[in-house]
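Participant: The chain contents come next:
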Amino acid sequence: MKKFLASLLLSAMALSLAACGGKANTPATSGSPSSGSGTPDPAPSGDKVAIKVIAAQYGKQTKDWWAKFQSDFNAANEDIDLNVEVVSWDDIYTVVNTRIANNDAPDILNIDVFADYVSDDLLRPIQECVSDETYAKFYDAFLEQSNIDGTIWAIPDLASARAMYYNKDILEAAGVDTIPTTWAELRTACEKIKAYDASLYPWGVDMTTDEGQACFAYYSWTNGGDFTDASGNWTLNSAENVEAVEYIIGLVKDGLTNSDPATQKRYDLQELFAAGKLAMMIGPNQISSYVAGSENPINFGIASIPANEGKSTSSVGVMDRFMVFENEDTDSKVEAIKAFFDFFYEDTRYSDWVIMEDFLPATKTGGEIMAAADPDAASWIEIVGSAKFYPTAQAKWADVKQGVIDVEQKALQGGNVQELLDALQAKIAG
Amino acid sequence: MSQPANAIQKKPISLKKTILRLLLYFVVLDVCIITLYPYFAMLCTALKSREEIFSGNSVLPVTVLWSNFIDIWSRAPMAKYMLNSIIIAGGSTIIAMLCGIPAAYALARMKFKGQTAFLGFVIVSQMFAPVVLLIGIYQVMQVLHLTDSILGLIFINAAFNQAFTIWLLRGTFIGISADMEQAATIDGCNRIQSMMKVLLPVAAPGIVTTLIFIFINAWNEYTVALCLISTDTLKPLTVGINTFNGYNIIEWQYLFAASIFAIIPVVILFMCIEKNLVSGLASGGVKG
Amino acid sequence: MSTKTPAAPAGQQVQQSSPRLPNPGSKKFFRTIEPYIWIAPSIILMAVFIVTPIAKVFQLSMNKVTRAGKLKGFNNFENFTSVIKDPAFSLVLKNTILWTVAVVVISTLLGFILALLLNNKFRGRKIARAIVVFPWATTLVIQASAWKFVINTDYGTLNALLKKLGIISASVNWTSTPTIWFIWEIACGIFVTVPFVCFCVLSGLQSIDTSYYEAATVDGADYFQKLFKITLPLVKSSLTVSTVLNIIYVFNSFPIIWTMTKGDPANSTDTLVTYLYKLAFYNGKQGEASAVSVIGFIILLMCASIYMIYTLRKGDEDL
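Chains as they are written, first to last, in numbering that gives the first Met the number 0: chain A, 0 to 429; chain B, 0 to 287; chain C, 0 to 318.
Errors might be hidden in some of the hints.
[To be verified] Cβ-Cβ distance ranges computed for the label pairs, FRET-style:
hint : chain 1 : residue 1 : chain 2 : residue 2 : range
1    : B       : G119      : C       : V217      : 38 to 44 Å
2    : C       : A169      : A       : T150      : 55 to 61 Å
3    : B       : T230      : A       : D120      : 28 to 34 Å
4    : B       : T230      : A       : E132      : 29 to 35 Å
5    : B       : I33       : C       : A220      : 29 to 35 Å
6    : C       : A169      : A       : S303      : 31 to 37 Å
7    : B       : E50       : A       : G149      : 50 to 56 Å
8    : A       : G413      : B       : Y36       : 32 to 38 Å
9    : A       : S303      : C       : I83       : 43 to 49 Å
Simulated from the structure, these hints should not be mistaken for laboratory data. All values derive from a computational prediction rather than experimental measurement. Here a beta-carbon is modelled for each residue, glycine too, at the ideal position from N, C-alpha and C.
With the sequences and hints as input, model every part of the structure.
Facilitator: Okay, structure coming up:
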């Protein structure tokens, strides 16, 4: 048996050498991205227009969906050779930046950030690459999020909004009769839950490198604060922001939250919530279907994010984008890119995608289709319509994002919030 | 005189020996348990449902879901990933050895200018983490048309294992007396023949160890493969199993099930080669 | 290549190519360049696939690099000064040294002891050796994920196990402070490094001639005398190789810390490599990230030079 296995391994090695030899003679492998196995014409033909797409992996079906999209698209467009590469969120920045640094940018990229690419003159104005018909489908407010100096550089692929999720059974058992709408009520509710069962976590907080900026937004925006003022100047150390960070750090320090906000990501919280160990958290619409998918779904409700006394609540919107890189494009390539977007945003295909990924649509027609099909989705679409977004069009957003996360984590370790935010403001604005 | 003294000593020695033996078993057993614990946890998790994992109450799975191990094969092209990994690790091992053995031989058996400089260069070449070199590596691969190809990964892994190969084999070769090779030369062998026929068989334990090292390192490489390979069917196992690490959830049961598969080939390889490692010892015992 | 070398003069190396180069001068020439031919494949491999990328890192570190990775010219070492000025940098440097020293020293000790144990003949040795290879046969990303999963406060299997065994009654938070996180990361680092050391030493132990021990026993040497007088000097070569390489590998190790904490909270578990990765791919500062890697390189180079001077000057007899 062992001998057999050994010989198996050896022959695999021998095979690998043979494979190397074969490959070395055909360096064309990198030049002609293999189209899906369904395509009948495997020969790399010179007259085909090749488009490379890098797409973010949202969920478990993303890869399969894009694989099918690719073969459908290539079948429908004989003169185009589309290749979609799906990359997980953990790795996408590494992959994309490595390629861009080597002048090997994809033609179309699906990611969240775009301002950096604009400041390096890497992108095409998106309107050049999208047919008027498709362009007219987007909510204007969403397109505005990708506006830098009067030009729209990206189109949204989908959106998501955040709201407060709460476990009805835990709140009831702990004697929390009304759903907290203010910060003070939230604190009282947390204290009641803690008193009812000390092994439960009343409130979920995520201050990780992955998404700590969302935490900043949740409390800043519900306290009348913001990252910038109306004219786009950074206001990171405003009194509202200091109060907001101090409030949430206070909840953590008093043991009213999950145990380790600096390393527990949103999906850790989501798991705890679904397992009935976390009473309340702020999260995206996907949590609903995530919880409903478990064997013994908990009894949960959704409410607005609590705001400070006298301030109004605000949802946090998150939006990802498609952008087109300038890669010595010919007219036929631009046409091919237009064809790609037309194909993608075709109403049934697009709503199928959004529903599959469990996000919210970024097009009006998509929104109508989804709202008609699902009343839950309708209310979420309303929330996302009124949501605030991160100032992603600002060139310094990446620094600010990492900066506020650093402030939160230092505050967790006992740092003075005012001083930390002052220092960050000085670094960013100065 | 010596007879009684021996008799007195004999008893305590054998008792001491038994105690030592028991102690040895005890320690080795402990080491094995500690080493295996994470794998035990992985295996148990791989057999659970998602709900059971996050209830956090059970050690062993309450309902054993063997189906997780079957599901991963349909959820991702696991067989393809595994084959790619074997090709990458096997290919890297061969190339690293083909380049490394002559270099180590030259360092151990010849005197030349720049010998020390070369040894230093080998060490210095390892002082940057692959993570740091990603952008440069990608650039090289573009020039050679090796992006998105398994061959590129083979070369990278072979290059990053040169230091280890050369240093360990040089030590091994130096430790073996050159007399036998000289004798072989007198018998009419040339350098290559005397190396192949005399030195390498005697150096088997060191060579086998080096082989395992390179194979395992290449098998486990992640970052470079991640950036170089964009076609799904060319990905090695380490990158491929990221399929179970999504935007919203990590599917621990699948991730761990897949990881357990990823360990198996290495352990099998090791078990096969370990035998040679011991028999290599027998030939290594040739009196110098 | 012809292997026929008729009438080889006794005691002299004869090259297969000598018939083609009849005059003694070119034979001598060949003997001078011969070693370089032997090391050429290795040099070419490393030059192409390692040295070129290293040159790129130096280039990036000297240039202003935009977020998207475009070079915008020499910037007067600004990348270096802004890195060194960052207050987090000294913390990160301290962590890196702590991490490297702790992992290398402890795993070398444990690996050495384990190798001595596994070098004994006993029942099940083969299985024990195979088990020891496990941690190393596992991708670091997965290994670290598994550890993170095991020690998780809320659903970790360690808490579940201890509760089942009745050792604890309620879940324990195993990772309550950043320092404890760092200790876990070091433990994980040791866990995966021990097999490496162990097999390096084992390979050295196995080429030791048993007659040395027999002779020492006859001379009345006890176990520790034999250990320090025979074993240690003879495995020194493999032990030095494994230690030197370990210092480099551990210093540059990335996946364990990245998977477990990403260097959080606020750089308190960051090492240079995770720090520069964040700089490069989260903050888009590839120039500064390259500067950090150059600094790390200089530190390693200094350590290595000390080692080189120490061992190579002493000559090769003990290597």
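Participant: Evaluate each hint against the coordinates.
Facilitator: Hints and how they fare:
1. A beta carbon spacing of about 42 Å between B:G119 and C:V217 agrees with the range 38 to 44 Å that was offered as a hint.
2. Restraint check, C:A169 to A:T150: a C-beta distance of roughly 58 Å satisfies the suggested window 55 to 61 Å.
3. Under the hint 28 to 34 Å, the C-beta atoms of B:T230 and A:D120, about 30 Å apart, fit the expected range.
4. Take B:T230 and A:E132: their Cβ atoms lie about 33 Å apart, and the range 29 to 35 Å holds.
5. The hinted window of 29 to 35 Å between B:I33 and C:A220 holds, with their beta carbons roughly 33 Å apart.
6. For C:A169 and A:S303, the Cβ-Cβ distance of about 34 Å falls inside the hinted range of 31 to 37 Å, so the restraint holds.
7. One distance hint, 50 to 56 Å for the beta-carbon pair B:E50 and A:G149, holds here, with the actual separation near 51 Å.
8. Distance hint check: the CB atoms of A:G413 and B:Y36 are about 35 Å apart, consistent with the given range 32 to 38 Å.
9. For A:S303 and C:I83, the hinted distance range of 43 to 49 Å is satisfied, since their beta carbons lie about 46 Å from each other.
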